[in-house]
Amino acid sequence: MSQKADFTSFDPVSPPAAYIGGKRQLAKRICQKIDTIPHSLYAEPFVGMGGVFFRRTAAPRAEFINDRSKDVANLFRILQRHYPQLMDTLRFQITSRSDFERLTVTDPDTLTDLERAARFIYLQRLTFGGKVAGRSFGINYSGSSRFNLTTLAPLLQEVHERLASVVIENLDWQAFIDRYDRPETLFYLDPPYWGTEGVYGKELFGRDQFEILAERLGRIKGWFILSINDVPEIRSIFSAFNIEGVDLTYTAAGGKGKAVKELIIMNGA
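128 is the number that my numbering gives to position 128 of the sequence shown; each next residue is one higher, with no gaps.
No wet-lab data here; the hints were simulated from the structure. Glycine residues also receive a C-beta, built at the ideal position from the N, C-alpha and C atoms. Keep in mind that the hints are not guaranteed to be accurate.
Using C-beta positions, here's what the derived DEER-type ranges look like [said to hold, decoys possible]:
| no. | residue 1 | residue 2 | range |
| --- | --- | --- | --- |
| 1 | Gly-195 | Arg-24 | 45 to 55 Å |
| 2 | Val-231 | Leu-114 | 38 to 48 Å |
| 3 | Pro-154 | Asp-35 | 22 to 32 Å |
| 4 | Glu-233 | Asp-109 | 29 to 39 Å |
Derived lysine-lysine pairs resembling BS3-like cross-links, with alpha carbons at most 27 Å apart [unchecked claim]:
| no. | residue 1 | residue 2 |
| --- | --- | --- |
| 5 | Lys-33 | Lys-258 |
| 6 | Lys-221 | Lys-33 |
| 7 | Lys-70 | Lys-261 |
| 8 | Lys-33 | Lys-261 |
| 9 | Lys-258 | Lys-28 |
| 10 | Lys-70 | Lys-258 |
Given only the sequences and the hints, what does the whole structure look like? Please build it.
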């Protein structure tokens, strides 16, 4: 199979907002591995803000992204289908701690899909460290506000264009894999990291899910790449697969760099 001949080339796009567990440092290495695997369907069960999805430079005709978070799935659907209306909704929104706190306590289920998407992108642009649960107002001491439509509008336009032909789902990860598991599918999985399951919101992914995930990946018809933090429990649970350790350094809010170890786990030779 000639992979590149059947692929569409794209310029990389920045994710629309920060998100806990984003893949800024690891994305290049993961994208290089994706490029080596022949596939005609690409699928992400845990897309988050698309830290890998948007940084890829080539894609097959069929792409499927999923997140159990209704906020994530709704934002991407609105960006895909109602981009002008979203920009109109955001146009008069200003950066203020009071607006941030008001929207933080607003129940998103009481909002329209358009209002929900506007709320989510506003909060994620401003929250410290890309947190979803326990958000706090982040301050940028070295530049302008992170919610600045002058710079945000071109980025969201690029995301809108990149999502044009993508199928967006809001399913449990198991249902998503079952739906799209074929010999020609490549799954990239970025589940919550071990020990951080609760920071994405309650009940989205519990620690008991890791063993279920490993068992399901053992029966997968296609290919998968999974990224996760390097802890003994994960190495044990996924020991049946190829495991590669990666050393990285993360820096948050101008602090000192922190050395971390992560894993890239794959099936196949």
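Here is what the structure says about each hint:
no.: 1; hint: Gly-195 - Arg-24: 45 to 55 Å; verdict: violated, 20 Å
no.: 2; hint: Val-231 - Leu-114: 38 to 48 Å; verdict: holds, 40 Å
no.: 3; hint: Pro-154 - Asp-35: 22 to 32 Å; verdict: holds, 27 Å
no.: 4; hint: Glu-233 - Asp-109: 29 to 39 Å; verdict: holds, 34 Å
no.: 5; hint: Lys-33 - Lys-258; verdict: holds, 25 Å
no.: 6; hint: Lys-221 - Lys-33; verdict: holds, 18 Å
no.: 7; hint: Lys-70 - Lys-261; verdict: violated, 30 Å
no.: 8; hint: Lys-33 - Lys-261; verdict: holds, 18 Å
no.: 9; hint: Lys-258 - Lys-28; verdict: holds, 20 Å
no.: 10; hint: Lys-70 - Lys-258; verdict: violated, 32 Å
In terms of the numbered hints stated before, the structure departs from hints 1, 7 and 10, listed from lowest to highest.
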